[in-house]
Amino acid sequence: MNNSQPVSETPAVNRDKIIIRTSVIGILANVLLVIFKAAIGLFSNSIAVILDAVNNLSDALSSIITIIGAKLSGKLPDKKHPLGYGRIEYLSAMIVSGIVLYAGITSAVESVKKIIHPEKPDYSVVSLVIIAVAVAVKIVLGRYVKAQGKKVNSGSLVASGSDAMFDAILSASVLASAIVFMLTGISLEAYVGAVISLIIIKSGIGMMIETLNQILGMRADKETTDTIKQLLTEEPEVQGAYDLILHNYGPDKNLASVHIELPDTMTVREVDRLTRKLEAKVFRQTGVILTGVGLYSYNTGNDEAARLQNEVREKVMAHEWAVQFHGFYVDTEAKEMTFDVVMDFNIQPKEGLQILYDEMHRSYPEYKLEIVPDVDVSATD
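The sequence shown begins at 1 in the numbering used here and counts up one residue at a time.
Just so you know, the hints here were simulated from the structure itself, not pulled from any lab data. Computed from a predicted model, the values in this text were never measured in an experiment. By construction, the Cβ of each residue, glycine as well, lies at the ideal position given by its N, Cα and C atoms. Any given hint could be a false lead.
Said to hold, decoys possible - The calculated lysine to aspartate or glutamate pairs, modelled on DMTMM-like cross-linking and capped at a C-alpha distance of 20 Å, are: (1) Lys350 to Asp374; (2) Lys277 to Glu237; (3) Lys253 to Asp226; (4) Lys281 to Asp226; (5) Lys120 to Glu110; (6) Lys150 to Asp221.
To be verified - Distance ranges between label pairs, derived from CB positions: (7) Leu91 to Gly292: 22 to 30 Å; (8) Arg276 to Lys315: 32 to 40 Å; (9) Lys120 to Leu76: 56 to 64 Å; (10) Lys350 to Leu91: 34 to 42 Å; (11) Val180 to Ile215: 39 to 47 Å; (12) Gln348 to His117: 54 to 62 Å; (13) Val112 to Leu216: 30 to 38 Å; (14) Ser124 to Ile95: 36 to 44 Å; (15) Arg313 to Ile215: 36 to 44 Å; (16) Ile68 to Val180: 40 to 48 Å; (17) Ile347 to Gln230: 27 to 35 Å.
Please construct the entire structure, taking both the sequences and the accompanying hints into account.
Here it is in structure tokens:
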């Protein structure tokens, strides 16, 4: 008797399947819409309908590239790329935005030609019904794709879903211009086409900027950083968590480093046990891998050290460009003092350091100082 149980799919494998399945549905729907709209546009001599079909064709191509990107990004890490291929999804999203931008530019060119050399369209009731059905299909498709994108944290799918909802609005405008022509004889075709092309161009530029920001690296999501810091400081030994930096290697593939503040009485063995516990806890509850945990020690049982810390904090935080003060430690016998300061982007680190060093030397001339400037990479409030 075979008692073996089927192996459940990993979240990454399941995510890829959802992305591919959703993209395939989008491709099939868009290809059908391209066929119907292109036929209507050619028979009715409508530039707006033809451009609407071109827009659907770009959506189909975008879905194909999304599938390719998802498959490539899902490759296992290897010697050459030990952190995996997750960032390929950002490159595929950049290609998609390029396609959308190109479609918008070519549509604008054709619309301007039709404005200069106008041609009257010839609609039928059947063509209007097909366009109306296309609007309904795009609304349903957009809601479905966007929901699936949010479910698996796929920026490409969310963008495709939003684009589909946009398409529904554009198709509705084409339908409205057709009805206006049938009722009044006034042709708005070329002008509607120009508006559509401008919206497509705006969408492509927006997608490109968003993807470029992801490639360059953006400030970590505040909700995520707050959650990680809360998980760390829940442990009684951890007085504070600072300098949290998240490194993104694709959707849902985040590595992080952080400094935690511990009492100066802890042994290396105790610190080792604690950091291992924290790494497991953060990964289990957020999916973020802590690749590095740095340490700050704080003075215990020393009233003079506490007094100095409060004084220095007050002096540092009096500067409007000082975002946060942490990592303070002082050896009152050896006359050594060290602390970190997070500075905002309105001041150069060298300038801020010079101000602080001058100020601290005047106030504590007998102390050897070490001030470390930190970058405001995540929310610190």
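Cross-check of the supplied hints:
no., hint, result
1, Lys350 to Asp374, "holds, 11 Å"
2, Lys277 to Glu237, "holds, 12 Å"
3, Lys253 to Asp226, "holds, 18 Å"
4, Lys281 to Asp226, "holds, 15 Å"
5, Lys120 to Glu110, "holds, 15 Å"
6, Lys150 to Asp221, "holds, 16 Å"
7, Leu91 to Gly292: 22 to 30 Å, "holds, 27 Å"
8, Arg276 to Lys315: 32 to 40 Å, "holds, 37 Å"
9, Lys120 to Leu76: 56 to 64 Å, "holds, 59 Å"
10, Lys350 to Leu91: 34 to 42 Å, "holds, 36 Å"
11, Val180 to Ile215: 39 to 47 Å, "holds, 44 Å"
12, Gln348 to His117: 54 to 62 Å, "holds, 57 Å"
13, Val112 to Leu216: 30 to 38 Å, "holds, 34 Å"
14, Ser124 to Ile95: 36 to 44 Å, "holds, 38 Å"
15, Arg313 to Ile215: 36 to 44 Å, "holds, 38 Å"
16, Ile68 to Val180: 40 to 48 Å, "holds, 41 Å"
17, Ile347 to Gln230: 27 to 35 Å, "holds, 29 Å"
Of the hints listed earlier, there is not a single one the structure fails to meet.
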